[in-house]
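Engineer: Residue numbers (my numbering), protein chains in the order written: chain L, 1 to 416; chain G, 417 to 514.
Rather than coming from a laboratory, the hints here were simulated on the basis of the structure. Don't take each hint at face value.
To be clear about the criterion: a stretch of chain G counts as covered by chain L if any three or more of its residues have a C-beta under 8 Å from a C-beta of chain L, and this derived list gives those stretches [claimed, not checked]:
#: 1; segment: 441-447
#: 2; segment: 463-470
#: 3; segment: 492-506
Positions of the beta carbon are idealized from the N, C-alpha and C atoms, including for glycine.
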Amino acid sequence: MRYSGWKVLLEGLRGNRGWKPVWRDPAPKAHYDAVIIGGGGHGLSTAYYLAKNHGLTNIAVLEKGYIGGGNVGRNTTIVRADYMLPGNAEFYSHSLKLWEGLEAELNYNVMLSQRGIIRLFHSDGQRDAFVRRGNAMINQGDDAVLLDREGLREQLPYLDYDQARFPVHGGLLHPRGGTARHDAVAWGYARAADRRGVDLIQNCEVTGIDVEGGRVRGVQTTRGVIRADKVAIITAGRSGQVAAMAGMRLPIESHILQAFVTEGLKPVIDHVISFGMGHFYISQSDKGGLVFGGDLDFHSSYAQRGNLPMAEHVMEAAMTLMPMIGRARVLRSWGGIMDMTPDGSPVIDRTHIDGLFVDCGWNYGGFKAVPASGWCMAHLMATGESHEVARRFRLNRFATGHLIDEEGSGSQHNLH
Amino acid sequence: MRLTCPLCGPRDRREFTYLGAEDYLHRPAPDAPRDAPPDALSEAWDSYLHLRDNPAGPTRDLWYHEQGCAAWLLVSRNTITHEITGVELVANRKGGAA
Ligand SMILES: Cc1cc2nc3c(=O)[nH]c(=O)nc-3n(C[C@H](O)[C@H](O)[C@H](O)COP(=O)(O)OP(=O)(O)OC[C@H]3O[C@@H](n4cnc5c(N)ncnc54)[C@H](O)[C@@H]3O)c2cc1C
Ligand SMILES: [Zn+2]
Numbered sequence: 001m002r003y004s005g006w007k008v009l010l011e012g013l014r015g016n017r018g019w020k021p022v023w024r025d026p027a028p029k030a031h032y033d034a035v036i037i038g039g040g041g042h043g044l045s046t047a048y049y050l051a052k053n054h055g056l057t058n059i060a061v062l063e064k065g066y067i068g069g070g071n072v073g074r075n076t077t078i079v080r081a082d083y084m085l086p087g088n089a090e091f092y093s094h095s096l097k098l099w100e101g102l103e104a105e106l107n108y109n110v111m112l113s114q115r116g117i118i119r120l121f122h123s124d125g126q127r128d129a130f131v132r133r134g135n136a137m138i139n140q141g142d143d144a145v146l147l148d149r150e151g152l153r154e155q156l157p158y159l160d161y162d163q164a165r166f167p168v169h170g171g172l173l174h175p176r177g178g179t180a181r182h183d184a185v186a187w188g189y190a191r192a193a194d195r196r197g198v199d200l201i202q203n204c205e206v207t208g209i210d211v212e213g214g215r216v217r218g219v220q221t222t223r224g225v226i227r228a229d230k231v232a233i234i235t236a237g238r239s240g241q242v243a244a245m246a247g248m249r250l251p252i253e254s255h256i257l258q259a260f261v262t263e264g265l266k267p268v269i270d271h272v273i274s275f276g277m278g279h280f281y282i283s284q285s286d287k288g289g290l291v292f293g294g295d296l297d298f299h300s301s302y303a304q305r306g307n308l309p310m311a312e313h314v315m316e317a318a319m320t321l322m323p324m325i326g327r328a329r330v331l332r333s334w335g336g337i338m339d340m341t342p343d344g345s346p347v348i349d350r351t352h353i354d355g356l357f358v359d360c361g362w363n364y365g366g367f368k369a370v371p372a373s374g375w376c377m378a379h380l381m382a383t384g385e386s387h388e389v390a391r392r393f394r395l396n397r398f399a400t401g402h403l404i405d406e407e408g409s410g411s412q413h414n415l416h
Numbered sequence: 417m418r419l420t421c422p423l424c425g426p427r428d429r430r431e432f433t434y435l436g437a438e439d440y441l442h443r444p445a446p447d448a449p450r451d452a453p454p455d456a457l458s459e460a461w462d463s464y465l466h467l468r469d470n471p472a473g474p475t476r477d478l479w480y481h482e483q484g485c486a487a488w489l490l491v492s493r494n495t496i497t498h499e500i501t502g503v504e505l506v507a508n509r510k511g512g513a514a
């Protein structure tokens, strides 16, 4: 299908009756070489790269709801490579490079907007920590610029610099960071995977994982039994439950993260701004809505909606940082289930069951990881070896003490 | 969301700090074995610190009444509906504190 301004105009005049489905709606086959559980960003990109990079096409993505209904369509769309620790740094760097070529790769407009991300600092100690982080980013081959207070004021004149609790001293700018259109990423990968022969099977919930003699044999689903030589669990906040079907206990606790959007406004916020000390970050969508959020609700939850205390806290932080925001009206708030690990870093690994793989533990930063996660998971599933940039994302690193704790906040699931 | 603290009565969620699942009550003995390789934790420690059942539905977890009586509480609740079905003092349980 071709998209163009003319086509939109024409369809508008014809009552939009001419649009056709963009991917097939196949019935599940009895057997696949590989089955991916979960049709979120990571499941779809894994399927795409299995087909594109490794020539595997007898594969299916099983999604219990609809494509894009999970976190891939609920996040605040921030894309960045500003990690510091070995393990994370090379992985997110690789992911950002894939983002930069994604539109050409998928022939789909994912609206990547490298508008720059600015993280604010409020003390000398925090500035020093950001200098160190910035240097790590530059060493990794990515970009970082330290802005002093006056440099920052030129870019963000509307902040309250002299607030009593967290006076703004400056910021760390990551120019290549930005946002992308989350739904388009899901749709783009879905269409591209479908075109390479991948079966995308929606309304198909996996209810059991069949294991015989230490080897995975397939899955039980609400649409029947499906045999498979390889099975990948890529179900984000639901990973613990799906892994339990294979008798596993994961280092994951599921938590709720909320986000908010205002009515559409004229362009006012050019960057992504992150006010970590206040638990607040914000950007403006192309439609004009201010998209913002904060921290977890902090207790484990599977409700895809949040509680008021965190909503109130986020609004307070917004008012503290940029009092002008008080004039905007909030349109909607929503929540998604986050697969939180004890070190805040993800897992891309095989399991103790032959042929069974897991890709999970994305915490609240898995949108930016969508391209590289699929790339590395496909590599692992096809070759049996961890990809170079994901080799530290092991499932047993907690037991062996090789945690990747980017924030240094300790081994507790809700602290990352 | 409100928790009914056995000592303070029904209080707003904001007064409480969440620690994590009930697993934190099952701390291995300090001399619990550590497996080879030398830096690997034993299963007991891994279970206590990292691995979680993470149920969708009824669960039990530890909360601290930070802005109240400073008691540790074992809360029974539902992770899908956010309904609270029971709150007991950890100190009253056999085996004692967290
Ligand atoms: C409010 C919010 C803001 C966020 N902001 C950002 C951000 O700015 N930047 C960033 O990088 N990340 C962000 N994230 C995190 C990011 O959205 C997630 O880490 C990422 O989307 C998770 O991977 P996914 O896309 O594969 O997950 P999902 O889209 O959730 O995919 C998992 C899929 O598995 C399916 N599934 C589950 N169980 C089964 C089963 N039994 N059978 C079949 N299918 C099943 C689900 O239906 C779901 O569609 C945010 C998340 C939220 C909620
Ligand atoms: Zn109390």
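Engineer: Next step is simple, just say for each hint if it's right about the structure.
Structural biologist: Hint check results:
1. Coverage of the segment 441-447 of chain G by chain L is violated. Counting CB-CB distances below 8 Å, 0 residues qualify, and the rule asks for three or more.
2. Coverage of a stretch by a chain is defined here by at least three residues with a beta carbon nearer than 8 Å to that chain's beta carbons; for the segment 463-470 of chain G and chain L the count is 7, and the condition holds.
3. For the segment 492-506 of chain G, the assignment as covered by chain L holds, since 4 residues bring a beta-carbon within under 8 Å of that chain's beta-carbons and 3 suffice.
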